[in-house]
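**Q** Listed here are the chains, written in short residue letters.
There are 2 protein chains.
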Amino acid sequence: MTNPLDMINKSKNIAIISHVNPDGDSLGSILGLGLALKKIHTNVTIYVNDIVPGKYEFLPGLHLLKKYDNEALDEYDLTFVLDCGDINRLGYSTTLLSRSKKVFNIDHHISNNSFGDYNIVDAHASSTCELVYDFLSKELNITVDNEIATCLYVGINTDTGSFKYDNTSPSTHIVTAHLLEAGINIEYITYNLYQNNSISNMKFLGHVLSHLALYLDDKVAIVDITDDLIEKYSIDAAETDSIINYARDIKGIEVAITLRELEEDLIKISLRAKGDFDVNKLANIFGGGGHKKASGAVIRGSIDNVRESILNEIKKSL
Amino acid sequence: MTNPLDMINKSKNIAIISHVNPDGDSLGSILGLGLALKKIHTNVTIYVNDIVPGKYEFLPGLHLLKKYDNEALDEYDLTFVLDCGDINRLGYSTTLLSRSKKVFNIDHHISNNSFGDYNIVDAHASSTCELVYDFLSKELNITVDNEIATCLYVGINTDTGSFKYDNTSPSTHIVTAHLLEAGINIEYITYNLYQNNSISNMKFLGHVLSHLALYLDDKVAIVDITDDLIEKYSIDAAETDSIINYARDIKGIEVAITLRELEEDLIKISLRAKGDFDVNKLANIFGGGGHKKASGAVIRGSIDNVRESILNEIKKSL
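Chains A and B are the protein sequences, given in the same order. Per the UniProt record's numbering, residue 1 is the first one in the first sequence, and the count goes up by one each step. Per the UniProt record's numbering, residue 1 is the first one in the second sequence, and the count goes up by one each step.
Don't take each hint at face value.
Which copy is meant is left open, because identical chains are indistinguishable; a pair holds if it fits in one copy or across any two.
What the hints assert, rightly or not - In silico DSS-like pairs for lysine-lysine, Cα to Cα no more than 27 Å straight-line:
| hint | residue 1 | residue 2 |
| --- | --- | --- |
| 1 | LYS219 | LYS55 |
| 2 | LYS251 | LYS55 |
| 3 | LYS203 | LYS219 |
| 4 | LYS293 | LYS164 |
| 5 | LYS251 | LYS232 |
| 6 | LYS67 | LYS55 |
| 7 | LYS232 | LYS203 |
| 8 | LYS251 | LYS164 |
| 9 | LYS232 | LYS219 |
| 10 | LYS268 | LYS203 |
| 11 | LYS315 | LYS203 |
None of these hints come from the bench; they were simulated from the model.
One chain only, chain A, in its complex shape (with noise of 0.2 Å):
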């Protein structure tokens, strides 16, 4: 590879992008890169496509995001795409890609099938996060400060599920051990992404544990999250992504699902495998897709069917 910081430094403009629907990873490491970067270059513009979730409005940088425009015909010397295992996740940036001179790939998904002129594609990392840490401090020489290294620990934390998933290694620890060192404040940031939830997602929590369905011999666990229950608690449908999880983490069970209603005859699946079983799989048969351990779709048809046609396609495998 031609030395990073020449291509950076011959670079007139860079920019920086992500996938579709932010998560930790995918922000941390946007903002940890382009605070970065901004140290050492003037003109980086750092885009994404949609809104932020509420409980990353602390990550340090925010205010330097910029909507991603596709009628601005901006062109850049060199694009960062970030934690995006398939082009076709970039949403509108998605027409950067062809105004953009090098693309400069850094990804964690072992679907990557390294589609930039330079590649750091390593599935055996925890998160995109991780990859970006080692670029700066080996890659770069820039020193990690603390704005950065808060965005850089909130990809890796979110992406490990608190360091719990079988992703974590012992790299990813000693990397977390120097983004501590540059004084985060791990109290402040556990709040912000734990400990801040909504009354109303707690009892809407409440309801939907009290009313979670068991099937196929209560290995296979289903949410159902409706219009109407969403309305009666008032809570931002984004913000139940996490439900799945309490579902996934009961005894026995193999499959977790949570099926939402985006419109009338419109689901989403999102699905959650313990052991065994690979859910991407699964979701692959409904036109979607994702990890082995966690995948999700879009299907037509009412909530009934959906499971229905579900439960069919587990049974075949379980």
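Got chain A sorted already, so can you dock chain B onto it with the hints?
**A** Relative to the frame of chain A, chain B by itself:
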């Protein structure tokens, strides 16, 4: 301090004890130290007072635990007391101390007054397990194998809320990296600690979250855990400990409380604080104690009277 390895070698017999109501850090540290000492000494006994909560039944070396028998009149040359900030929390095994020639105290509680003949007391350590790791690797030069590492990891993970609490330091992550290098199975540990909840516990959680009560401008959340409720959901009262965290993790909550009926007119209160509130001070008023952010007490009275008394005290300092 006398060289610890000499001290161990010169002792004919060694005991290891911890506090009553064993948690991840007490069990992890006595088992981790016990398994390690058994590599270099033939006469090591590890004691517990109480029943080990089900989720810790996967811990390596659990079969080595002996129930302490106050009548046995065993005497020891050296007794390790682990994770015990207050010598009165040893339960039955307090008598063992008077039958021990030397006491080696390893702990991370700020309340620990260094009661041992030898003391490793560090309130900045995340957990006793973190201190035991350093003791084994630096003082005793014992290789921390997979089994020992699993025990120590469980204590660190549970005492730091999976590395989310601010007792987590760079050293905590460095030690954890070494534990992972010993080949521990994160997926298996996470499954046992966090993904193996009974369905009745989940339904119970659903019930209490649906019935959560807020007080004092919604800064205080209280969960009542009555005998009737425990019976209705057929759950083990000891397994309700983590419920208080859900109450704490609601936006705006400064103090979370569970009130659990131990017997008629005897209530166990558990307290969690977020932000600056000091629940250790609050617990002290009721004859209890603990940490600034996690404390408890046992109070005589009906659940209604106890609730009122506590709210009155909180009102004074909120």
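**Q** Taking the hints in turn, state whether each one holds.
**A** Status of each hint after checking the structure:
In the homo-oligomer, the alpha carbons of LYS219 and LYS55 lie at most 27 Å apart only across protomers (20 Å), although the nearest pairing inside one protomer, at 32 Å, exceeds that limit. With identical chains, the CA atoms of LYS251 and LYS55 are at most 27 Å apart between copies only, with a shortest distance of 11 Å across copies and 29 Å within one. Within a single copy, LYS203 and LYS219 get their C-alpha atoms as close as 26 Å, and across copies as close as 16 Å, so both meet the 27 Å cut-off. For the identical chains of this complex, LYS293 and LYS164 are neighbours both inside a copy (13 Å) and across copies (23 Å), given an alpha-carbon limit of 27 Å.
Taking CA atoms no more than 27 Å apart as the test, LYS251 paired with LYS232 passes between copies only; the shortest distance there is 20 Å, against 30 Å inside one copy. Within a single copy, LYS67 and LYS55 get their C-alpha atoms as close as 18 Å, which meets the 27 Å cut-off; across copies the closest is 47 Å, which misses it. Both within a single protomer and between protomers do LYS232 and LYS203 lie at most 27 Å apart by alpha-carbon distance, with minima of 11 Å and 20 Å respectively. With identical chains, the CA atoms of LYS251 and LYS164 are at most 27 Å apart both within one copy (17 Å) and between copies (24 Å).
In this homomeric assembly, LYS232 and LYS219 come within 27 Å of each other (Cα to Cα) only across copies, at 24 Å, whereas the closest approach inside a single copy is 29 Å. With identical chains, the CA atoms of LYS268 and LYS203 are at most 27 Å apart both within one copy (22 Å) and between copies (24 Å). Within a single copy, LYS315 and LYS203 get their C-alpha atoms only as close as 32 Å, which misses the 27 Å cut-off; across copies the closest is 25 Å, which meets it.
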